[in-house]
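Student: In our numbering, the protein residues as written are 5 to 315.
Bear in mind the hints are in silico, worked out from the structure with no lab data behind them.
We treat Cβ as the ideally placed atom computed from N, Cα and C, and that holds for glycine.
Heads up, some of the hints might be wrong.
Dumping the calculated PhoX-like pairs for lysine-lysine here, alpha-carbon to alpha-carbon at most 25 Å [as the list claims (entries may be wrong)]: (1) K81 x K169; (2) K264 x K169; (3) K153 x K47; (4) K81 x K124; (5) K81 x K153; (6) K81 x K39; (7) K233 x K264; (8) K103 x K287; (9) K124 x K173; (10) K287 x K169; (11) K103 x K39; (12) K81 x K103; (13) K81 x K173; (14) K267 x K124; (15) K264 x K153; (16) K267 x K97; (17) K97 x K81; (18) K124 x K47; (19) K39 x K287; (20) K39 x K153; (21) K153 x K97; (22) K153 x K124; (23) K169 x K124; (24) K97 x K124; (25) K264 x K287; (26) K173 x K267.
With beta-carbon atoms standing in for the labels, derived distance ranges [as the list claims (entries may be wrong)]: (27) H44 x V155: 53 to 61 Å; (28) G122 x A314: 18 to 26 Å; (29) E32 x H272: 43 to 51 Å; (30) A72 x V155: 27 to 35 Å.
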Amino acid sequence: MEATNSRASRGERRPKKVSTFSGRGTTEAFRFAWKHRREHGVKALCRHLNISRSGYYAWVNRKPGKRASENAELLLKIRRIFNESEGRYGSPKVYRALKRQGLRVGENRVARLMQVWGMKARTHRIYRRLLTRRAVLKAWPNHRLTLDKPVAVNRQWSSDVTYIKMGRKNVFLAVILDLYSRRIVGWKLEANLNSDLSRGALRQAMADRSPSPGLLLHTDRGTEFRALKMRDMLARHQVRHSMSRPGYCTDNAEVESFFKSLKGELLHATSYITLRQLRHHIKHYIERFYNTERLHSSLGYRTPLEFEGAN
5 MEATNSRASR GERRPKKVST FSGRGTTEAF RFAWKHRREH GVKALCRHLN
55 ISRSGYYAWV NRKPGKRASE NAELLLKIRR IFNESEGRYG SPKVYRALKR
105 QGLRVGENRV ARLMQVWGMK ARTHRIYRRL LTRRAVLKAW PNHRLTLDKP
155 VAVNRQWSSD VTYIKMGRKN VFLAVILDLY SRRIVGWKLE ANLNSDLSRG
205 ALRQAMADRS PSPGLLLHTD RGTEFRALKM RDMLARHQVR HSMSRPGYCT
255 DNAEVESFFK SLKGELLHAT SYITLRQLRH HIKHYIERFY NTERLHSSLG
305 YRTPLEFEGA N
């Protein structure tokens, strides 16, 4: 009460968000401060929540435990199921879908992760004609099933997004890969997962490679790839869009293979504190190693750069 009166005497206003905080315990207060830090500032939040700033920063910079790592991996699986359901699955159905895949996880845990990341099932009536599952597949077909392998660069690209653990949070990496040479032609690393991330990677690739109209871009069925802004961008550049079949992550195996190499050869060996530091190391890995020096068995043990130059 004295602390509250002291703040009032100094003319400080208690942020409305703090009034909604109903958590108990220091850890929940730290989480609340982290979530709203950009809106109200760490200093003010710590003062109004009666937590120390030193304790808050120690909590933020602490390395993630086993549970946090498992949650990050689980989140990608949840997101894939949620996206494939076109946003129709709430946590009970996502939980059942995970069980069908053989994952042992609690329903409350699934619900909490979906709530934190804003995955909420559509419940209100939509006053427009909804596409049937068959129509959805027809609208975004998998063209790779009927096309031959590309015989030159800039004919077929593939894109996907993965998460990277950084401290107590996850950041997200989107890449564009040329399916002919396995070269990474565009990438973007950001703290948030949305269509801006994927469009940023595509924008870089289009600027650097200047492909001819008719390029094929293959992706999974994530909402960031089905967003209106992404569709407008693809139409503007006359890019055909191909999407993986629901439940077939192997349809995008080349990008999955790149992510596996990146995490095994770079990320698992080093801890990163800032997004800027991580971005610098990923840039070096892609542009100075993966594209130019790393030998690929699928390319006859040549680098992507060598393969493009020889053909």
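Student: Hints first: check each against the structure and report whether it holds.
Tutor: Hint check:
1. K81 x K169: holds, 16 Å
2. K264 x K169: holds, 14 Å
3. K153 x K47: Cα-Cα ~56 Å, so violated.
4. K81 x K124: Distance of about 15 Å is within 25 Å: holds.
5. K81 x K153: Measuring from Cα to Cα gives roughly 29 Å; hence the hint is violated.
6. K81 x K39: holds, 23 Å
7. K233 x K264: violated, 29 Å
8. K103 x K287: Cα-Cα ~38 Å, so violated.
9. K124 x K173: Status holds; Cα separation ~21 Å.
10. K287 x K169: Judged against 25 Å, a Cα distance of about 17 Å means the pair holds.
11. K103 x K39: violated, 30 Å
12. K81 x K103: Holds - the C-alpha atoms of K103 and K81 are around 12 Å apart, at most 25 Å.
13. K81 x K173: holds, 17 Å
14. K267 x K124: Roughly 30 Å separates the two Cα atoms, so the pair is violated.
15. K264 x K153: Between K264 and K153 the Cα gap is close to 22 Å, so the pair holds against 25 Å.
16. K267 x K97: Distance of about 31 Å is beyond 25 Å: violated.
17. K97 x K81: Measuring from Cα to Cα gives roughly 13 Å; hence the hint holds.
18. K124 x K47: violated, 32 Å
19. K39 x K287: The given pair, whose Cα atoms are some 28 Å apart, is violated under the 25 Å limit.
20. K39 x K153: violated, 45 Å
21. K153 x K97: With Cα atoms ~37 Å apart, K153 and K97 exceed 25 Å; violated.
22. K153 x K124: Violated, at roughly 38 Å.
23. K169 x K124: holds, 24 Å
24. K97 x K124: Since the Cα atoms of K97 and K124 sit roughly 12 Å apart, the hinted pair holds (cutoff 25 Å).
25. K264 x K287: holds, 16 Å
26. K173 x K267: It holds: about 16 Å lies between the C-alpha atoms, which stays within 25 Å.
27. H44 x V155: 53 to 61 Å: holds, 56 Å
28. G122 x A314: 18 to 26 Å: For G122 and A314 the Cβ distance comes to about 47 Å; the hint is violated.
29. E32 x H272: 43 to 51 Å: Once the Cβ atoms are compared, 31 Å apart, the range 43 to 51 Å for H272 and E32 is violated.
30. A72 x V155: 27 to 35 Å: Once the Cβ atoms are compared, 45 Å apart, the range 27 to 35 Å for V155 and A72 is violated.
When the structure is compared with the earlier hints, violations turn up for hints 3, 5, 7, 8, 11, 14, 16, 18, 19, 20, 21, 22, 28, 29 and 30 and for no others.
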